[in-house]
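> Protein chains in written order, with the UniProt record's numbering: chain A, 1 to 286; chain V, 1 to 286.
It should be emphasised that the hints constitute simulated quantities derived from the structure, not laboratory data.
Some hints could be false.
In this list, chains with the same sequence are indistinguishable; a pair is considered to hold if it fits within one copy or across any two.
As the list claims (entries may be wrong) - Simulated pairs of lysine-lysine, DSS-like, Cα-Cα distance not exceeding 30 Å:
| hint | residue 1 | residue 2 |
| --- | --- | --- |
| 1 | K80 | K32 |
| 2 | K206 | K171 |
| 3 | K203 | K40 |
| 4 | K80 | K40 |
| 5 | K203 | K30 |
| 6 | K267 | K241 |
| 7 | K281 | K124 |
| 8 | K43 | K80 |
| 9 | K43 | K179 |
| 10 | K43 | K206 |
| 11 | K81 | K119 |
| 12 | K171 | K32 |
| 13 | K176 | K98 |
| 14 | K203 | K253 |
| 15 | K182 | K241 |
| 16 | K81 | K258 |
| 17 | K43 | K170 |
Small disclaimer: the values here were computed from a predicted structure and weren't measured.
Protein chains: 2
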Amino acid sequence: MDGFHSGWFFENEDGMTVAIEVDEILCEEKTKYNDIKIFKSTKFGNVLVLDGVIQCTDRDEFAYHEMMAHLPLFSHPNPKKVLIIGGGDGGVLKEVNKHSSIEEIHVCINDERLIELAKQYLPKLSVGYKSSKVAVNIEDNVEQFLEKNTQSYDVVIVDSIGGHNNEILKKPFYEKLNKSLKNNNGIVCAFAGCVWTDAGHIKELKNTFHSIFPSVCYAFGLVVSCFVGGQVGFLLGSKEKETNFEEPPRVIKEEDVKEMNLKFYNKETHEACFVLPQFIKEELQN
Amino acid sequence: MDGFHSGWFFENEDGMTVAIEVDEILCEEKTKYNDIKIFKSTKFGNVLVLDGVIQCTDRDEFAYHEMMAHLPLFSHPNPKKVLIIGGGDGGVLKEVNKHSSIEEIHVCINDERLIELAKQYLPKLSVGYKSSKVAVNIEDNVEQFLEKNTQSYDVVIVDSIGGHNNEILKKPFYEKLNKSLKNNNGIVCAFAGCVWTDAGHIKELKNTFHSIFPSVCYAFGLVVSCFVGGQVGFLLGSKEKETNFEEPPRVIKEEDVKEMNLKFYNKETHEACFVLPQFIKEELQN
């Protein structure tokens, strides 16, 4: 069972289904790139669905977006220029915007309409687009965009939950991404799937990262209640082999947790998110 | 939508549903205490459901059972006698059995039939019942059982996923449980719900623990892919105020992780599981 049925939205993946109760369907639109659905749920606020996959809910979006943004940004000594690939809903952008050191944020995305719909129906997530630091680049070909921007970015965040055959998950893409990073301390953070359902994929992507970046780490990340499998992780890569993601150069202070209005990320969650359950630790070691 | 429909089993809780695809229904039986369902799923092995709530699947049962058993047992300097309340499927018992120091394990449960069905349909989970160290006590009234066994146990594990109004979650129960612990280093570990859906309940139970035990800690625990909310935590309490659950007196060695065939618990997951996302850290501080 998939999609809207009897007052619920269903997402089905490999023998398991997660469903969220629907209060009101706000938008159903097929663009050239995405099948976009946005609905108001009865308990979790507004929900964004792309190509049948729940992306986030108002209730728990902060878990995913805070970790995806702050893990790489606090692992960099002084991030000034950041690229977000994908992330049209604005959730990661909202978090990147909280770093006062950052002067410029580029968003590279193919689907302009997704941003418009996020601005209309997901105002809490898309608030970051109002910032004067942000430049949105609508691009059909992200690899071409990366080639035009060599040695440009301190941090690149790949917020794309595409299928496993998506080109964005392959080695040529990450080689070009590597070249778009500044030579000093350049860091990438990419969505890397769920340990329960995607262990093989995580391993493959980690090996790709190892073939490109001198320092690599898989972050177990977090639990997100609305995801099938309840968890998503991230792969972090750095151009500096001395980068130790588990002991970042900048440690967030308690007052900054408040100041930045963080609900998931803090000093301890940064450190702890690299700890792996034994089965996935062994899987990724081999 | 709840129960079996169209080849799936559905569990619905507060605006969210998790469903598992069914290969074959193995057992549906109502006893005096439980509505027991056991089915073979298409992807996760056999699944146990009590009163409509998914308890565990063969695929990920180890996450819950390992953490529930090994967090308190490694926090005790020398556990010899253990009581498990509930846990009829045998999953926690299987893990407790792996500790060679333990001489005696009591299981206290009301529903004998649940144990019989677990032995029949969940052989991987229920294997521990074969051990000569195990004594099963079928008891209608667990509080009476505790009163008959004062100062008896090094560790008591409460593996009961009852509703929030269940008496087993209330103060008089934990006061009797406290008396059943030996005075030296007695430790309790109890199921304590999901941070996304049960924050208020966790706080209430933590306050109850604080009113009884000198040392208390909430363990964020783990992610379990088949649970609504993707996470469950535990409350740990000790009779010794010096007990530091985060730095346990016995640290598991790498070779024992292999020897005990652990798939989730290791030195690092023990330490990291006490780290809380900011929102629940604040909720439990107040």
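> None of the hints should be skipped; say for each whether it holds.
Here is how each hint holds up against the structure:
Proximity of K80 and K32 under a CA criterion of 30 Å is satisfied in neither setting, with 33 Å inside one chain copy and 65 Å between copies. Taking the closest pair of Cα atoms, K206 and K171 come within 30 Å of each other only inside a single copy of the chain (11 Å); across copies the shortest separation is 48 Å, beyond that limit. For the homomeric pair K203 and K40, the shortest alpha-carbon distance between copies (29 Å) is at most 30 Å, but the shortest distance inside one copy (36 Å) is not. Taking identical chains as interchangeable, the C-alpha atoms of K80 and K40 are never at most 30 Å apart, the minima being 36 Å within one chain and 53 Å between chains.
In this assembly of identical chains, K203 and K30 lie within 30 Å of each other by CA distance neither inside one copy nor across copies; the values are 33 Å within and 44 Å between. Proximity of K267 and K241 under a CA criterion of 30 Å is satisfied in both settings, with 22 Å inside one chain copy and 26 Å between copies. Only between protomers do K281 and K124 lie at most 30 Å apart by alpha-carbon distance; the minimum there is 23 Å, versus 36 Å within a single protomer. Taking the closest pair of Cα atoms, K43 and K80 never come within 30 Å of each other, the shortest separation being 38 Å inside a single copy and 46 Å across copies.
In this assembly of identical chains, K43 and K179 lie within 30 Å of each other by CA distance neither inside one copy nor across copies; the values are 44 Å within and 41 Å between. Taking the closest pair of Cα atoms, K43 and K206 come within 30 Å of each other only across two copies (25 Å); inside a single copy the shortest separation is 36 Å, beyond that limit. For the homomeric pair K81 and K119, the shortest alpha-carbon distance inside one copy (23 Å) is at most 30 Å, but the shortest distance between copies (60 Å) is not. In the homo-oligomer, the alpha carbons of K171 and K32 lie at most 30 Å apart inside one protomer (25 Å), although the nearest pairing across protomers, at 59 Å, exceeds that limit.
Taking the shortest alpha-carbon separations for K176 and K98, only the intra-copy value of 27 Å comes in at or below 30 Å, while the best inter-copy value is 50 Å. Proximity of K203 to K253 under the C-alpha cut-off of 30 Å is restricted to the inter-copy arrangement: shortest distance 25 Å between copies versus 33 Å within a copy. In this assembly of identical chains, K182 and K241 lie within 30 Å of each other by CA distance solely inside one copy; the values are 14 Å within and 51 Å between copies. Within a single copy, K81 and K258 get their C-alpha atoms as close as 24 Å, which meets the 30 Å cut-off; across copies the closest is 45 Å, which misses it.
Only between protomers do K43 and K170 lie at most 30 Å apart by alpha-carbon distance; the minimum there is 28 Å, versus 37 Å within a single protomer.
Hint compliance for this structure: hints 1, 4, 5, 8, 9 are not met, and every other hint is.
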